[in-house]
Every structure is written in C-alpha cells, then in structure tokens.
Amino acid sequence: MVADTSTHTTKPSIGDYLRNNIREYGLLVALVIIMLFFQFVTNGVLFKPVNITNLVLQNSFIVIMALGMLLIIVAGHIDLSVGSIVAFVGAISAIMLVKWGLPAFVVIPACLVVGGIMGAAQGYWVAYQKIPSFIVTLAGMLVFRGMTYVVLGGRPIGPFPKDFQILSTGFVPDFLYFLSPSPEIIKNMVALVAVLALVGYAIFAGLRNRRINEQHGTENEPFVFFAVQMAVIGFVALFIGFQLSTYRGLPNVLIVMGVLIAVYTFITTRSTIGRRVYAMGGNEKATKLSGINTERLTFYAFVNMGVLAALAGMIITARLNSATPKAGVGFELDVIAACFIGGASASGGVGKITGAVIGAFIMGVMNNGMSIMGIGIDYQQLIKGLVLLAAVFFDVYNKNKGKG
Amino acid sequence: MDNIILEMRGITKTFPGVKALDNVSFKVREGEIHALVGENGAGKSTLMKVLSGVYPAGTYEGEIHYDGEERRFGTIADSEELGIIIIHQELALVPLLSIAENIFLGNEIASKGVIHWPQTFARTQGLLKKVGLDESPATLITDIGVGKQQLVEIAKALSKKVRLLILDEPTASLNETDSDALLKLLMEFRNQGMTSIIISHKLNEIKKVADQITILRDGGTVETLDCHREDISEDRIIKGMVGRAMEDRYPPREPKIGDTLLEVKNWNVFHQHHRDRQFLHDVSFKVRAGEVVGIAGLMGAGRTETAMSIFGKSWGHKITGEVTMRGQPVDVSTIPRAIKAGLAYVTEDRKQLGLVLISNIMQNTTLANLNAVAGNGVIDERKERKVASDYRSKLRIRSHSIYQEAVNLSGGNQQKVVLSKWLFTNPEVLILDEPTRGIDIGAKYEIYTIINQLAAEGKGILMISSEMPELLGTCDRIYVMNEGRIVAELSKEEASQESIMRAIMRSGEKH
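Heads up: the protein sequence lines correspond to chains A and B, in order.
Numbered per numbering that gives the first Met the number 0, the first sequence finishes at 403, counting up by one with no gaps.
Numbered per numbering that gives the first Met the number 0, the second sequence finishes at 510, counting up by one with no gaps.
No wet-lab data here; the hints were simulated from the structure.
Incorrect hints may have been included.
Straight line, CA to CA, 25 Å or less: simulated PhoX-like cross-link-like pairs of lysine-lysine [stated by the list, open to error]:
| id | chain 1 | residue 1 | chain 2 | residue 2 |
| --- | --- | --- | --- | --- |
| 1 | B | Lys26 | B | Lys317 |
| 2 | B | Lys382 | A | Lys287 |
| 3 | B | Lys26 | A | Lys287 |
| 4 | B | Lys26 | B | Lys206 |
| 5 | A | Lys284 | B | Lys350 |
| 6 | B | Lys255 | B | Lys207 |
| 7 | B | Lys350 | A | Lys129 |
| 8 | B | Lys207 | A | Lys284 |
| 9 | B | Lys26 | B | Lys160 |
So the derived label-pair ranges between C-beta atoms look like this [to be verified]:
| id | chain 1 | residue 1 | chain 2 | residue 2 | range |
| --- | --- | --- | --- | --- | --- |
| 10 | B | Gly457 | A | Ala138 | 32 to 42 Å |
| 11 | B | Ala371 | A | Leu35 | 45 to 55 Å |
| 12 | B | Pro251 | A | Val223 | 48 to 58 Å |
Idealized CB from N, CA, C, for every residue including glycine.
Given the sequences, and given the hints that come with them, work out the whole structure.
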C-alpha cells in the first residue's frame with residue numbers, strides 16, 4: 000500500500016513535521032515548562048546561581064549513568080545493579096584513599112577498572128549464558144550491596160582528601176578573570192566565555208548540517224523549528240552560563256558530564272558500534288545472522304555501564320565526603336526512568352542520548368524544585384511515578400495514532 | 000446450492016492516505032468453497048477483517064448481508080456468534096497451553112469459573128477426531144508441528160459451531176502432505192454443508208478445491224469465476240490478478256557456467272535441540288560460477304538446516320565435513336568467517352531473521368558490511384547514503400526514500416532490501432532460502448530477474464524453494480533432498496515435478 004513508485008518527495012507541511020516529531024519537541028517543551036513552573040512556584044529560587052550549581056552537582060551522576068543505561072536499554076536489556084555498584088565503588092575508593100592512603104590519581108582509574116569488572120561479571124551471564132538481564136542484574140544489585148556492607152563493616156568511612164573532592168565539588172579556575180567587564184557581578188569569566196563559545200558552535204554546526212543535508216537532498220526540519228529550538232536552547236544556556244559566572248563558575252562535574260554527553264551522542268549516531276547496538280536491539284537474530292558478534296556487543300554494553308556507574312559512584316562519594324553502605328539506594332530507578340521519559344523503548348532498538356539527558360534533567364529539576372517547595376519525599380515519589388507513566392503513555396498514544 | 004449466505008455490497012475502507020478497499024462486492028453461496036485471490040496488498044485480508052468485525056461497523060462504507068439480514072458487527076465476538084470464524088495466517092494459539100486449553104480458550108466449559116476438565120477433554124477428543132488429528136488433548140501446542148497446529152485451529156473453529164469458515168493462507172507454511180490433508184478436510188466439510196472462504200496464493204490448490212473464485216486487484220473486485228461452469232486455468236487466474244496475461248512467469252536466461260565455486264563434501268550435522276539425533280547425513284553438493292542450483296524437497300527435508308549449518312554454523316551442532324571455495328578449503332565456523340569466505344545466506348524468514356524492521360532501508364542495507372562505509376569505526380554518512388541509494392535504484396526498491404522503515408515496505412520490497420544487504424557484502428555464492436515466499440507475482444518476476452543478473456555476473460546461486468515450478472523455471476541443476484540426505488541430482492533436462500517427487504518417494508521407501 001505504501002508502494003510509491005515515483006521518487007518525488009512532497010514537501011511536508013509544518014504541521015505534519017510537528018506531528019511526526021512531536022516526541023522530541025514535546026520533551027524539550029516539557030522540560031522548559033517544568034523549569035518555568037518551578038521557577039515560579041519557588042519564587043525564583045530555582046534559577047539562583049547557587050541552586051543551579053546544586054542542580055548540576057546533584058544530578059550529574061544520574062545523567063552520567065543514563066548515558067550507559069540508554070545503551071543497555073537500546074540493546075534490549077536493563078541494569079538494576081547500578082545503585083549497588085555506586086555504593087561498592089564508593090566504599091573501595093574510601094578504603095584505598097582513607098585507609099591505605101593511596102593518591103587520587105591511582106584510586107580514580109583503579110575504581111573505574113573495578114566498575115568495568117563488575118559490569119563484565121554481569122555481562123558475561125547475560126551475553127554468553129543468555130540469562131535475562133533483569134535476573135542477572137537483580138542478583139548483582141543484591142550481591143554488590145552485600146559486598147559494600149562487608150568491606151565497610153557496616154560503618155561509613157570519611158572524610159576524603161581534598162584532591163579527590165575536586166572531582167565533585169571543584170570548579171574550573173577563572174583563568175580569564177582579566178576579561179571580566181565588572182568583577183563585582185561576573186566573578187568567573189571562563190563560564191561565560193565557554194557557554195558563549197558552545198552556543199556559537201552549536202548554531203554554526205547546526206547551519207552547516209542543514210547545508211550538507213540540502214546538498215544531498217536529505218530532508219531538513221523546517222527552518223522555523225530550527226531557529227526556535229536554537230533560540231530556546233541558546234537562551235537557556237546563556238542564562239545558566241551567566242548565572243554560574245556570577246557565582247563560582249563551571250563545576251568540574253559539568254565539564255565531565257558535557258564531554259561524556261558529546262562522546263556518547265557521537266557513538267550512538269555516528270559509530271559502527273552504536274549502529275550495531277541499535278540493530279541488535281531492533282532484531283537480535285537478524286543482526287547476528289548479518290555477521291555481527293552480538294554477544295560481545297552485549298558484554299561490552301554492560302562493561303561500559305559498570306565503568307560509568309563507578310565514575311558516578313566516585314562523584315557521589317566525594318560530594319558526600321563519606322562512603323556509606325546505603326549510598327545509591329534507588330538510583331537505578333531514577334536512571335531507568337530518565338531513559339524511558341526520554342523516549343527509549345522497553346523492547347529495545349529505540350532511544351536517543353539527548354532524550355535520556357533531557358529525561359534526567361526533567362527528573363532532576365522536579366527533585367530539586369519539589370525539595371525547595373518543601374514537598375515530602377512521599378509525595379515526590381508519587382509525582383515522579385506519575386510523570387514517568389504520563390511520558391510513556393504519551394509515546395504509546397502517539398504511536399497508535401500514527402497507525403490510524 | 001444457490002442460496003446466498005453472504006453478500007458484501009460496495010465495501011469501501013480507507014486508512015489514512017490509502018484506500019484499501021474501493022467499492023468491493025463479494026457474494027458467497029451456502030455450502031461452497033469460495034477462494035479469494037489477489038496480489039499482496041490487493042485487499043483480501045482487509046476485506047475479511049471487515050467481515051469478521053476486526054474493523055467494526057461504521058469504520059467502513061457498504062453493507063454486509065449474512066443469512067438474509069443486514070449485519071453490523073461491532074466486534075469479533077458479534078460475528079463469531081453467528082458462526083463466522085476466521086483463522087488468521089499467524090496462528091493464534093498459545094504455545095505453552097495444551098490442545099484442549101487452546102480450543103476452549105475464552106470459551107471454557109465451566110460453571111462459576113471452575114473448569115470442567117473431564118468434559119473439556121471429552122469434547123476435545125471428539126473435535127480432534129473430526130479434523131483427523133491423532134493427538135492427546137493434553138499435548139502442548141509447542142510440541143506439535145505447524146500442520147497439526149492448523150488442524151487445532153480448525154477444531155477450535157468447529158467448537159464454536161462454525162457456519163462460515165474463513166482461512167487466511169492456511170497452507171502457506173505447510174508441506175505438501177499436510178496441505179493435501181487440510182484441503183481434503185475442507186472438501187469433507189463442504190459435503191457436510193459448511194461454507195468456507197479460503198485466501199491463498201497457491202493457485203494449484205485453489206483449482207483443486209474452489210467452487211468459485213473471486214479476484215481482487217488494488218482494492219477492487221475484478222471478477223468472480225465459476226469453476227463448475229468453465230475450466231479455469233492457472234494462467235486465467237493470474238491474468239485476472241495482474242491485469243494482463245503472464246506469458247512467461249520466468250525471465251529467460253542464457254547460462255554461462257564457469258568453474259566450481261562452492262563445494263561441500265560429506266556434511267554431517269546433528270540436531271540443534273535433540274542433540275544425539277543426526278539430522279543431515281553426508282550431504283555433498285557443488286555450485287559453479289554463473290550457475291543457479293536448486294534444492295528441492297519437502298518441508299523438514301533439511302534444506303534450510305543445510306544452508307544455515309554451512310553459513311557460520313548457525314544451526315545444529317557436532318558439524319563435520321569439508322567446505323571449499325574455488326578448490327581451497329575455507330573456514331565457515333562463524334558467520335563473519337563465512338561472509339569472508341564469500342558466502343551469503345538470504346533467510347526464508349525475512350521478518351524474524353532478515354531485517355531489522357524498525358530500522359530504515361539504508362541501515363538494513365549496510366548492516367552486514369558496515370565497515371565498508373566506515374573509517375576507524377566512524378560511519379561515513381555520504382558513503383552510506385550512496386550505497387543505499389545505488390542498491391535502491393538497482394534493485395528497484397519502491398519506497399519514499401532510503402529512510403523509509405523496513406516495516407512499512409511490501410514483502411517484495413523487503414526481500415529486495417535483504418538482497419541488497421547481502422549483495423553489499425560482495426559474496427561469490429548466494430544461498431537464497433525461499434526467496435519469493437509471500438510476495439506477489441510481479442515482485443517474484445523481479446526477484447528472478449535479479450537472480451539471473453547475479454548469475455550473469457558470475458556469481459553462484461544456491462536456491463532453496465518449496466515451489467517446484469519456480470525451481471524448474473529458474474535452475475540449471477536441481478538437487479533433491481529428503482530426510483537429511485541428498486537423494487537425487489537432476490539436470491535441467493531431467494528435472495520435472497514428476498521426477499522430483501519420484502526421487503523423494505523412492506528414497507522414502509529405502510529407509
């Protein structure tokens with residue numbers, strides 16, 4: 000019925016375009032609305048420089064883990080163990096730093112390796128023994144939590160040396176202070192310059208992409224959408240950059256997070272590995288019959304998740320300045336929810352890094368906003384649960400409507 | 000006999016952007032077998048869904064008269080109540096429940112929600128006897144073959160006091176013996192006064208059983224043929240389906256046969272699941288450059304298993320034997336190695352094993368050879384686009400663009416995407432497993448043309464097919480398989496439907 004013999008492409012109207020891409024725009028719009036809502040109900044506290052900084056510090060680890068979780072979910076799996084990996088890696092980093100007195104530059108890579116091994120230990124059962132990931136990582140969740148209690152002996156360890164804390168509470172030093180027009184207001188010039196440069200690059204790259212697409216006759220999104228999107232993102236970014244520059248500047252974590260988002264976006268959209276993960280999630284058997292080592296791919300998806308969870312674990316531990324056996328409880332749910340809010344499909348093959356990141360920010364802003372408003376943890380959970388359900392329902396509703 | 004049990008008048012059904020049915024009229028007499036034929040997308044299944052209430056009254060235009068009254072079915076239950084039962088192409092059985100449980104699913108013999116098992120089993124036994132199925136009612140669906148599953152579906156229909164039985168491609172996945180049994184059963188039901196509508200692509204079967212044939216094309220009724228008034232030939236039906244006479248169903252070809260490419264010697268394979276059962280015995284064959292070689296055989300003869308066990312040992316275990324390419328032994332122990340050795344396997348099950356349906360044409364085309372459009376693990380989008388566009392125009396894949404998702408393509412175009420994927424790995428020998436299954440006649444012709452082109456380019460083609468006319472029409476040489484053995488090798492001159500069947504039957508007697 001779709002056999003369109005001719006190759007002519009009718010130009011879709013703006014309405015059609017919006018309908019076909021409602022998920023992506025909807026997500027962005029939802030984030031903006033949620034931010035404005037909390038900005039309003041918290042009487043402007045949300046966008047105060049100190050709170051923006053807090054938001055970043057509090058949510059960076061969710062974003063970082065969501066990057067790995069997205070790959071896992073796209074591959075058709077799930078990882079419930081990340082909260083326990085966070086706790087265990089926090090615990091051993093504490094032992095290495097505090098009890099053994101090892102320097103941070105040794106401990107940080109060692110912990111990443113440990114995380115990778117934990118991921119590998121689970122990936123082996125999922126990839127090569129074909130045990131459902133839900134079961135393997137449920138076991139992992141219990142085992143790693145238990146191991147955390149064992150190594151900590153049930154007691155928290157801390158505080159940490161300063162050089163380790165830089166990871167989570169440090170800021171990029173202001174080496175451009177001499178450019179500042181008024182040092183009383185703008186206390187950190189690097190933040191402003193970096194954000195300006197980024198926004199400039201984003202617009203430049205976006206325009207270049209459109210031009211390349213045009214040359215190859217690939218469909219572009221309508222210019223209005225491009226412009227509005229760029230304007231909104233640019234404005235928000237500049238505003239946040241300005242706010243940060245009036246406080247302590249760019250948190251180190253923000254830089255780590257930004258680089259990782261860029262790397263994982265690249266992997267998922269441009270690399271052969273990314274393409275193969277999507278294909279595997281879409282149809283594992285067909286992908287395997289196409290000569291792709293799906294077992295190895297699954298295995299490495301879990302190793303990757305373990306490494307990212309370890310990084311998140313160190314950031315959290317450094318921020319709390321103490322390793323506790325209860326660290327990271329329930330994080331897996333926030334991370335998984337971020338991916339699903341961001342449009343990933345539970346049956347695999349579908350999902351975007353940008354979606355997962357925006358999903359994580361939606362969760363983060365809600366957590367933060369509701370805490371400022373003084374809403375108890377009970378109602379916070381209730382509301383987050385409903386938002387998750389609503390987001391996925393929106394997906395399903397759109398898909399069914401598309402089918403007619 | 001001339002009692003009209005069903006009349007559908009002026010049925011029009013539109014989906015967003017597509018008119019699937021356009022003013023279709025359809026009349027069925029009581030107690031007959033009425034065949035509904037047409038190319039894929041002609042609207043057969045849609046028409047039956049309108050009839051059975053899958054598309055409720057109000058979502059289509061037109062009238063349905065059944066048993067003398069106008070009916071407006073809101074749900075499937077409404078039509079079932081009046082004895083209209085549809086058996087879909089994809090069987091709707093629960094694999095891990097027993098035959099009895101499946102037959103009475105949703106219709107349990109129970110009082111106050113408690114199932115009456117003795118009665119359930121007794122009635123199941125009666126129904127199984129009627130359809131000629133010799134299995135215990137407690138047998139699980141997963142433990143019986145597709146042919147028997149089809150019979151269970153029919154038994155289920157009988158349990159609902161069926162008056163009008165609709166079968167959508169009932170024999171598509173059955174071998175010839177099972178198909179024959181099923182058709183015989185239908186004829187028996189006709190003698191008992193039941194009416195059936197059968198949708199099928201297999202024209203020889205339709206010829207065998209149908210009293211009337213209604214042909215649909217592009218969502219409209221073309222004509223209704225009465226098989227008792229005149230002798231309807233297959234070509235006559237095809238003419239109605241495609242709108243023109245098909246003089247030649249197979250494009251002509253001048254074979255230019257070169258050196259031996261693929262040779263398999265003494266290939267022994269044990270069953271994938273029943274690990275101590277040897278499934279393939281001493282299979283040996285060869286494929287030469289520019290040659291189209293067929294493998295004929297009944298369902299379960301071991302043809303697909305032969306192909307898959309050679310292609311990266313993706314089926315079976317304890318595999319022994321020798322594979323050579325141009326006389327040199329090659330390693331085919333994994334799929335990447337088999338691809339490297341110059342093999343490609345186009346699966347019989349393109350939806351499950353051939354395509355990533357949610358991915359687009361481009362992504363499917365490059366999947367098996369992604370490194371050829373990438374440098375250092377980074378995909379070169381321009382190169383990839385070009386490759387996909389080239390194959391799209393070369394194989395004439397009908398789509399809006401290379402970005403159309405595979406799930407939205409017709410069967411023939413999906414098959415062409417799978418072919419593109421394997422051609423892009425630049426194989427020397429292509430194994431095509433049922434390359435034209437479930438695709439319409441026009442697309443079949445195009446696939447044959449592609450096969451001829453590949454042979455002319457000097458590639459070797461090994462073609463597995465259950466449609467004997469197709470093998471006879473396209474192959475230079477045909478191997479016949481039965482029960483895991485190659486039982487005959489026939490040249491183009493020796494090969495005929497009779498000689499193939501004879502080879503199968505004779506080998507059956509020996510064991």
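Comparing the hints with the structure gives:
1. For a cut-off of 25 Å, the pair hint linking B:Lys26 to B:Lys317 is broken: about 56 Å separates their Cα positions.
2. The hinted pair formed by B:Lys382 and A:Lys287 meets the criterion: a straight-line CA distance of about 23 Å does not exceed 25 Å.
3. This hinted pair does not check out: B:Lys26 and A:Lys287 have alpha carbons roughly 48 Å apart, beyond 25 Å.
4. The hinted pair formed by B:Lys26 and B:Lys206 meets the criterion: a straight-line CA distance of about 19 Å does not exceed 25 Å.
5. For the proposed pair A:Lys284 and B:Lys350, the alpha carbon gap of about 10 Å is at most 25 Å, so the pair holds.
6. The hinted pair formed by B:Lys255 and B:Lys207 fails the criterion: a straight-line CA distance of about 39 Å is larger than 25 Å.
7. Restraint check: the Cα-Cα separation between B:Lys350 and A:Lys129 comes to about 22 Å, which is no more than 25 Å; the hinted pair holds.
8. Restraint check for B:Lys207 and A:Lys284: not satisfied, since their Cα atoms lie roughly 38 Å apart, outside the 25 Å limit.
9. Distance restraint check for B:Lys26 and B:Lys160: the Cα-Cα separation of roughly 22 Å lies within the 25 Å cut-off, and the hinted pair is therefore satisfied.
10. Distance hint check for B:Gly457 and A:Ala138: the Cβ-Cβ separation is about 54 Å, which falls outside the suggested range of 32 to 42 Å.
11. As the Cβ distance of B:Ala371 to A:Leu35 is approximately 49 Å, the hint placing it in 45 to 55 Å holds.
12. B:Pro251 and A:Val223 have their C-beta atoms about 55 Å apart, which keeps the hinted 48 to 58 Å range intact.
Violated hints for the displayed structure, listed by number in ascending order: 1, 3, 6, 8 and 10.
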